[in-house]
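A.B. asks: So the sequences go chain by chain: A and B.
Take the first sequence: its position 158, counting from 1, is numbered 158 in the numbering used here, and each next residue is one higher.
Take the second sequence: its position 46, counting from 1, is numbered 1046 in the numbering used here, and each next residue is one higher.
Errors might be hidden in some of the hints.
Claimed, not checked - Simulated restraints, written as ranges between beta carbons of each label pair:
| no. | chain 1 | residue 1 | chain 2 | residue 2 | range |
| --- | --- | --- | --- | --- | --- |
| 1 | A | SER132 | B | SER1002 | 44 to 52 Å |
| 2 | A | ARG19 | B | ILE1062 | 20 to 28 Å |
| 3 | A | LEU14 | B | VAL1006 | 38 to 46 Å |
| 4 | A | THR50 | B | ALA1035 | 20 to 28 Å |
| 5 | B | ARG1081 | A | GLN195 | 35 to 43 Å |
| 6 | B | ARG1058 | A | TRP110 | 45 to 53 Å |
| 7 | A | SER20 | B | SER1002 | 27 to 35 Å |
To be verified - Here chain A is said to cover these stretches of chain B; the calculated rule only asks that three of the stretch's residues, wherever they fall, bring their Cβ under 8 Å from a Cβ of chain A:
| no. | region |
| --- | --- |
| 8 | 1006-1018 |
| 9 | 1040-1049 |
| 10 | 1056-1067 |
| 11 | 1081-1094 |
Please keep in mind that the hints were generated in silico from the structure rather than gathered at the bench.
Beta carbons: idealized from backbone N, C-alpha and C, even for Gly.
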Amino acid sequence: MNDAPLEPALEPALEPAERSSIIRDSLGVGLATGAYGVGFGAVSVAAGLTVAQTCALSLLAFTGASQFALVGVVAAGGTPLSGALTALLLGTRNTLYGLRMAPLLAWTGWRRTLGAHVLIDESTAMAVTRPSTATARLAFTWTGASIFVLWNLATAAGAVAGNALGDPRTYGLDAAVGAAFLALLWPRLHSRANQLVAVAAAAVALGVVPLVPAGVPVLAAAGVALVAGVLPRRERG
Amino acid sequence: MSALWVAVLATGAGCYLLKLGGLSVPPRVLEHPVAERIADLIPVALLSALVAVQVVARGHEIVLDARALGLIVAVVLLVLRAPFLVVVFGAAVVAALARMV
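The shape of chain A in the complex, shown without the other chains (with noise of 0.2 Å):
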């Protein structure tokens, strides 16, 4: 399973200049992603998770709107199940990415084995428009490894901070969950099509939070997202 060459044969090395350029530009979105990790360590606490709860979900589980969404169903008082749930259903996004990624990193072995931790937005978006796979699998590698060693550090950081404030809502944590929320969401709002979506989706589960159990109305409303996926396209973008 080593037999794999590293570079493939008929790509030229890579100039120095090039190189050292793609690293720059993976650490520089490294060091802006990870940071994030505070508001999840924080918020994570905030929740009602342990500090070693919120530090395995970043090292295990290492994709920042799961994590986020398993807190959150939680924090609202839903089942850690129905959190695990959610948490699953956002995490499907990476196996899209994995797809659109594979033919370029052209990885086998133990080193899709490692890379697939890594394989989350950041990672992906600094890779998919590399020309070349040497390219490709830089930029994925230093920007995944260096988000990595990052989030979890901050993760820490923010878990042990927020542990030592007390109460959340006195520093409006709770509030803070949302807005982290709609910060993932907003990239994501470019197509009237998805911004219908979202309001039909916000719609549905504030529609059954009265019904049903807490944890249920955020899976609830990703039936939204299979009607719409289903229903054929009327306009186009």
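Assemble the complex: chain A is given as a structure, and chain B must be docked to it using the hints.
C.D. replies: What follows is chain B alone, placed relative to chain A:
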């Protein structure tokens, strides 16, 4: 082991397998346009529902409180293209101030 630990470990394992699966399965599986569209819309629907529930639900009731004020601040900050952490903690600070008044 508490239910919360089970959820944390299951989420960790599941999220990793979803990533590895994407890198490992033949691309044909999700090439169907409907599957691709649904996969694209699921994060939109879930995140939007999470915003709504997080901000105005309290148990089985709809409550407008300092959290809604925090969300309005978040919208303004996002329109102004503020960085993620500024949006998140800006909403928290305003909600905290509103509770002190």
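A.B. asks: Take the hints in turn and mark each one as holding or not.
C.D. replies: Evaluation of the provided hints:
As the Cβ distance of A/SER132 to B/SER1002 is approximately 48 Å, the hint placing it in 44 to 52 Å holds. For the hinted restraint 20 to 28 Å between A/ARG19 and B/ILE1062, the CB-CB distance of approximately 54 Å leaves it violated. Here the CB-CB span from A/LEU14 to B/VAL1006 is close to 45 Å, well matched to the stated 38 to 46 Å. With their beta carbons about 38 Å apart, A/THR50 and B/ALA1035 fall outside the hinted range of 20 to 28 Å.
With their beta carbons about 18 Å apart, B/ARG1081 and A/GLN195 fall outside the hinted range of 35 to 43 Å. The beta-carbon spacing between B/ARG1058 and A/TRP110, approximately 48 Å, falls within the hinted interval of 45 to 53 Å. For the pair A/SER20 and B/SER1002, the beta carbons lie near 47 Å from each other, so the given range of 27 to 35 Å is not met. Interface restraint, the region 1006-1018 of chain B with chain A: holds (12 residues with C-beta to C-beta distance below 8 Å; minimum three).
Interface restraint, the region 1040-1049 of chain B with chain A: holds (10 residues with C-beta to C-beta distance below 8 Å; minimum three). Coverage of a stretch by a chain is defined here by at least three residues with a beta carbon nearer than 8 Å to that chain's beta carbons; for the region 1056-1067 of chain B and chain A the count is 8, and the condition holds. Check on the region 1081-1094 of chain B: 11 of its residues sit with their Cβ under 8 Å from a Cβ of chain A, so the three-residue criterion for coverage holds.
Comparing the model with each numbered hint stated earlier shows that hints 2, 4, 5 and 7 do not hold.
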